[in-house]
Amino acid sequence: MSRYTITGETGEWEIVVGLEVHCELLTKTKLFCGCPNAFGDEPNTNVCPVCLGLPGSLPVLNRRAVEMAMAIGTALGCEIRPSSFHRKNYFYPDMPKDYQVTQYDEPLNVEGRLTLVDGTPIGIVRAHMEEDTGKTTHMGGDGRIHGADYSLVDYNRSGVPLVEIVSAPDLRSPEQARSYVSELRAILVATGASDGRMEEGSLRVDANVSVRRFGGEEFGTRCEIKNLNSLRSLVRAIEYESRRQVELLERGGSVDQETRHWNEVEGRTSSMRSKEEAYDYRYFPEPDLVPLAPPAEWIAEVVAKLGLMPAQRRERLASLLGESSEAIEEQVATVIDLGLDDLVVATIASGADSRLVMARAANEAAQQPDAARQLDPERFGELIGLEAAGTLSATQAKAVLGELLTNGGRPADIADRLGFKALASDELGAVIDAVIAANPGEWDRYVGGDDKVAQFLLGKVMRETKGRANGKLVAEALASRRG
Amino acid sequence: MNEPLSKDAVAHIARLARLELGEAELSRFAGQLSAVLEHVEAIQRLDTAEVPPTSHPFELVNVLRDDERSACLPREAVLAAAPAAQDGRFRVPRILGEAP
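Chains E and H, in that order, are what the protein sequence lines are. Using the numbering used here, the letters of the first sequence correspond one by one to residues 51 to 533. Using the numbering used here, the letters of the second sequence correspond one by one to residues 60 to 159.
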């Protein structure tokens, strides 16, 4: 990756970014109680004395949440350590207890690494467990906090298990930050711990951004940017914030360490609270929860259950596909993102043409990913075989695949039912001759060496045969007639 | 012995606890809190170099529950306990500033 710098009036600046990613875990229930962990239910229907913080209620840690947190830690190459929970105290109505239970000085996962697709290693400082907060909606005014008349609170999300993944300040460009979140998201989905949906808030990103003179060693003062709801916001916010800091410093000002809010519509960040309001969370050990010290056997069980990670999946496909290209890399990314790579690998293993398998998986099967994940590789392989042999044209193969995914069956039977009989070669020959006769001018140009006209003639043949002809065979027939 | 607690420190603590204290109260509590701190400081005179920190008074670890659903409270009952509710949600006074 080329170096990213900001050119100011006084020289070149480098940006330093560290990211905190909050990931909601896909457990059935909340972190400390048996209320459902569900998105989009009627407000305040998934609440109980524990997640409402009613007096006398006692939290008990969810075993599955711990397993998912350990799976995430393992996938990020972290060391899993004995850990404990703290109370982070603050007054805000999104937590009815007036504190959030989180891991403070003894996080479950420490010192890992995430390798970007381009090979750059990014340090992971920690990946700890904590509970999510409730959801506040500001009413009156313009719907924003400032000017709101009152707020409404839904505690369905309060107590939902989270893992917060904190990166080292190793990122040096907005694009690297995007690449980090994108790879992290793929890893989280691969562990089965997350659905990776940023738009639904199940993956939330805060960015710590600072700038320094290019080539400098010391870090500048950082600002934490919140409300980054998409990869696009992340990139834009880092671009804006780093430029703001450079301009501030070049004017002789200094950066205040503060939390800033990203406004997607205005395309700018703004200070969320003044320094006097800086929070003092008064962390102290949560007396209602005993320490968490996963025994080695339990960790080993979680590690053994972990499937292949995206990087391993990419390598596996690359080794099957041979020489790569940008188009193939895109196909690989799509197939892995949709979880179709097991299908592709099994189909190729059954002897089907690897490039054709990838193309049909990434383009057509990807339109129906749920059905495609259930597809029998043997059936998929049969379809690819029919297309590779020229029995089905590309258009026909796509139609058969659509039917195969929707209703199942055997590709050959589906082709018969759809009337996709292979065009007999004499029938095809007759159509080609007719097209040539009907378009003498184009034919002359083609014979004269204008290869671009071939597409036109091919299109005519396809229309005449209603897509039944095999494009490759038609092209060959045209070429042989040209002599 | 450490410095006695300043009135500024007491004001800060009061603010964190959302308590409004007058001048006289700040002085009074500064004295009382300093006395409490002084009392607890006795512990700091002990040599604890060889004593591991106590994360929890119990020796138990890994108290866990299975990821299984249990009953929730009925919403009417939950909201009935709140000073104000609207549209199935808790209604709270205008919030100044963002969530921490």
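The set of hints was computed from the structure by calculation and includes no laboratory data. Note that CB positions come from ideal geometry on N, CA and C, so glycine has one too. You may find that some hints are simply not true.
What the hints assert, rightly or not - If the Cβ cut is set under 10 Å, some of the chain E residues that face chain H in the computed set are:
id, residue
1, 84
2, 93
3, 94
4, 95
5, 117
6, 134
7, 202
8, 332
9, 333
10, 339
11, 512
12, 515
13, 517
What the hints assert, rightly or not - Computed cross-link-like contacts, DSBU-like style, restricted to lysine-lysine with a CA-CA straight-line distance of at most 30 Å:
id, chain 1, residue 1, chain 2, residue 2
14, H, 66, E, 147
15, E, 355, E, 276
16, E, 448, E, 502
17, E, 276, E, 510
18, E, 510, E, 522
19, E, 138, H, 66
Outcome of the hint check:
| no. | hint | verdict |
| --- | --- | --- |
| 1 | 84 | holds (3 Å) |
| 2 | 93 | holds (4 Å) |
| 3 | 94 | holds (5 Å) |
| 4 | 95 | holds (5 Å) |
| 5 | 117 | holds (9 Å) |
| 6 | 134 | holds (5 Å) |
| 7 | 202 | holds (4 Å) |
| 8 | 332 | holds (7 Å) |
| 9 | 333 | violated (12 Å) |
| 10 | 339 | holds (8 Å) |
| 11 | 512 | violated (55 Å) |
| 12 | 515 | violated (57 Å) |
| 13 | 517 | violated (51 Å) |
| 14 | 66/H with 147/E | holds (28 Å) |
| 15 | 355/E with 276/E | violated (34 Å) |
| 16 | 448/E with 502/E | holds (25 Å) |
| 17 | 276/E with 510/E | violated (56 Å) |
| 18 | 510/E with 522/E | holds (14 Å) |
| 19 | 138/E with 66/H | holds (25 Å) |
Hint violations for this structure: numbers 9, 11, 12, 13, 15, 17, all remaining hints satisfied.
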